Amino acid sequence: MSSRARYPPPGMGGGRGGGGINPNAGPNPNFQQRNPTQQYVQRGPAPNNQNNQMFQNPQQQQWMRRSQLLPTDSTVDEVEKTVQSEAVDSSSQDWKAGLKLPPADTRYRTEDVTATKGNEFEDYFLKRELLMGIYEKGFEKPSPIQEESIPIALTGSDILARAKNGTGKTAAFCIPALEKIDQDKNAIQVVILVPTRELALQTSQVCKELAKHLKIQVMSTTGGTSLKDDIMRLYQPVHLLVGTPGRILDLARKGVCILKDCCMLVMDEADKLLSPEFQPSIEQLIRFLPANRQILMFSATFPVTVKDFKDRYLRRPFVINLMDELTLKGITQFYAFVEERQKIHCLNTLFSKVQNKNLQIFPIC
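The sequence shown begins at 1 in the numbering used here and counts up one residue at a time.
In short, the hints are calculated from the structure, not lab data. Note that the structure is predicted; figures quoted are calculated from it, not measured. Careful, some of the hints might be misleading.
[Claimed, not checked] In silico SDA-like cross-links for lysine to any residue, where the CA-CA straight-line distance does not exceed 20 Å:
#  : residue 1 : residue 2
1  : Lys180    : Glu129
2  : Lys141    : Thr116
3  : Lys212    : Tyr135
4  : Lys228    : Asp250
5  : Lys127    : Lys137
6  : Lys307    : Asn348
7  : Lys208    : Asp250
8  : Lys180    : Gln284
9  : Lys180    : Lys215
10 : Lys208    : Glu198
11 : Lys137    : Phe121
12 : Lys215    : Tyr235
13 : Lys185    : Pro290
14 : Lys272    : Val238
15 : Lys137    : Gln205
16 : Lys260    : Thr225
17 : Lys228    : Lys212
18 : Lys215    : Val238
19 : Lys272    : Asp308
20 : Lys127    : Thr225
21 : Lys185    : Asn165
22 : Lys212    : Glu129
23 : Lys127    : Leu99
24 : Lys254    : Leu289
25 : Lys212    : Ala97
26 : Lys254    : Thr225
27 : Lys307    : Gln279
28 : Lys185    : Lys260
29 : Lys272    : Asn165
Throw the hints in and build the complete structure from the sequences for me.
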């Protein structure tokens, strides 16, 4: 048995700190005050009876030591999030630094394109390759019609949008169309209908420039061009098709233009497309599309024919109207009513008197 007493002598407390002093006992003559500067050395293995007192629960102490040495789950999550955010920031700066941006557009901008909510293109979680094409195209921030249309189009909902010409309508439907295309799927997934050949070429060029870093094949087809060349082109991969309704309907009837996987139909200049010249072709073309297709309609004016078409073919569409007037702010319009023999003289007068490089003249016969 150890030479050290197992129980404290009479008059001393039951604890090691003397917390239970006997009030009837006098001061202990053998009591010595500790030296506060005294240093302790590690003891050797203690006897079994001391182990029972000092280490009553070794598993609990071992767990406490581990919890002190190892970080908690919340700490690990915070560290991982910090590392990931830093990696994203660095990679974001890397790909942006390598962009070939065009010269800044210094032209005066009216509130038709500046009255935005302050969103960025990156807020829509677009593909990085698409973002690269957007910025290299010269787009800095989304315009009002793009802010309203892009997030709704990405959800798969139908849209009936009305906005002025020159406010970014083309990019408002081209960007979500390119985003929703599956590059690995060899099928026509988006069809953009336009009323004229010139607008088809312009729209297809915008799509190609935005998708320059994507593996998306864009094709343009209109009436008045070689039908054989279009048929040969459709035997190659095509993801996005831009064209006039009559030509696309002709190719679909021949079984060359397969539209069973086309999930989005865009109608630019919808008021003109729903004229008696095009509307029958469009209604027949819709029959080649799957039942779950998405229809986006964009125009500056919406006559009664547009409302009738919307009620028949669009499913709970979002109506976007950014038009308080037809003309862009800062643009003045006027017309001159002259007789046939005075037209040339009127044009010469306008060219000689009006000092404006942005003047546009539309002669009407």
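| task | State the violated hints by number, sorted upward, taking the hints as numbered earlier in the document. | result | Of the numbered hints, 6, 7, 8, 14, 16, 17, 20 and 21 do not hold.
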